[in-house]
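Which chain is which? The protein sequence lines are S and D, in order.
Residues 1 to 399 in the numbering used here are what the first sequence spells out, letter by letter.
Residues 1 to 66 in the numbering used here are what the second sequence spells out, letter by letter.
Just so you know, these hints were derived from the structure itself, not from any lab.
We treat Cβ as the ideally placed atom computed from N, Cα and C, and that holds for glycine.
There may be inaccurate statements among the hints.
To be verified - Now the in silico label distances, taken between C-beta atoms and shown as ranges:
#1 S:His99 with D:Phe58: 19 to 25 Å
#2 S:Val132 with D:Glu43: 42 to 48 Å
#3 S:Leu204 with D:Glu22: 43 to 49 Å
One-letter residues, chain by chain:
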Amino acid sequence: MSGHHPPVSDWATDFDHTDPAWAADPFPIWDELRETCPMAHSERYGGVWLPTRHEDIADVAYDTDRFTSRSIVVSETRPVAPAPRGIAPPISSDPPFHHGARRMLLPAFSPKAIAPLEEYTRQYCHDLLDAVAGQEVIDGAVDYSQHIPVRVIAKMLGFPEEDGEKFREFVHDVLEGVDLPPEQRLDNFIKLDAYLTAQAEDHLANPRDDLTTFLLEAEMDGEPLGREHIGGTIALLLIAGIDTTWSAIGASLWHLANNPDDLARLVDDPDLLPVAMEEFLRAYAPVTMARLVKEDMEYKGCPMKQDEWVLLSFPSANRDPREFEQADEVIIDRMENRHSAFGLGIHRCIGSNLARLELRVALEVFIERHPRFSVADPDGVRWSGGQVRGPRTLPLRVG
Amino acid sequence: MRVHVDRDRCQGHNRCYALAPELFDVDDYGEATERDDGTVPPELEDKARLAAANCPEFAVVLEEDR
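Just chain S, with the same shape it has in the complex (with noise of 0.2 Å):
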């Protein structure tokens, strides 16, 4: 996705996280880095750190005095949005505001109110699977992973069903469209504005019971939300939730076909999924969220300057060998797993609850179906740069 930016010279000095070799392979880069420059630093998108060891990354997430959410995707630009509540609340803002504006929505994903759409999750998984029945070669990213997290948002938003392919386009143009310029990436946020004005315009009209209704009758300390917090918070939660799951779907199915006895062993023992799921959660977490630095401080021996970006590699902190055993090694049967894949602190991802049971369901499915299945061509694997990692096309031989 680097598109018109220079390779990178020196890991250490001149990462980028859109680089080719990045997307490609990023672990010896951390490995790396981790041991021999643990705050790296590099002056691409107008100043990043990078840390890499878990303590420094949980140290960066817990301060949320001196590195603000304000905005938590890296780009050439600064956001304009104010602090404290930031572009899309709540994962844009900071405290006190980011309180309320959590709270108001973690009872809709807290794990027994999306227990029940299990089942429906289940059965669109056997449905994305019977449209590619019969063939022996299926995409696991493009025919089936993708589609999941799209198809459950939308029905939690009252969205309609068959605008999955619209989602995606603007989770593509959002995510891995930053160093776009700037014209484009303007031009990309106001068509999605305009969607979720007229699903907004179409809820007013019709209210019903589902979350954007829920959002447009909300009230924060006795208001009503604004027009701008509903629809931040509404493209938060399209945005947020799509292509982070469906790398986690992905990413475990990749490392299933180039595991034969790691699928095996599922096949035998589906019980072992939810310990498998956690470690392929630790192992490929797809998402690197990013701060930025309040004010100009000496941080950790850094001279950080304010404005410059930090990014909060949780992918790498699950790597660090201080905090796991073998922490290069993928462990199905990890028992301890304390890993960070859903972030730490007050911004942990709010979806986690719904991004698990989807990751198992898809897994449990695919598994039945598929009892065996592997790479069918290693060159035709792509995986996404920037700052959510995971398999974009992925050929898997199931026949």
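Starting from the structure of chain S, add chain D where the hints point.
Relative to the frame of chain S, chain D by itself:
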């Protein structure tokens, strides 16, 4: 043995509830609490240790009997 969830640290990852629902419950916000007074029957001690070892926020506290 007893378990306790430090509510100041809990961020609702729900690992304890998934691993040991006999010992933990979650509220409407998805945040965890120990059931009753947190006393762990001997047959659930391994599950309690597992819950503590899997909490990303170090919010599950174990008190071992002396």
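Hints, one by one, checked against the model:
1. Between S:His99 and D:Phe58 the C-beta distance comes to about 21 Å, which sits within the given range of 19 to 25 Å.
2. For the pair S:Val132 and D:Glu43, the supplied restraint of 42 to 48 Å holds, since their beta-carbon distance comes to about 46 Å.
3. For S:Leu204 paired with D:Glu22, a C-beta distance near 45 Å keeps the hint of 43 to 49 Å intact.
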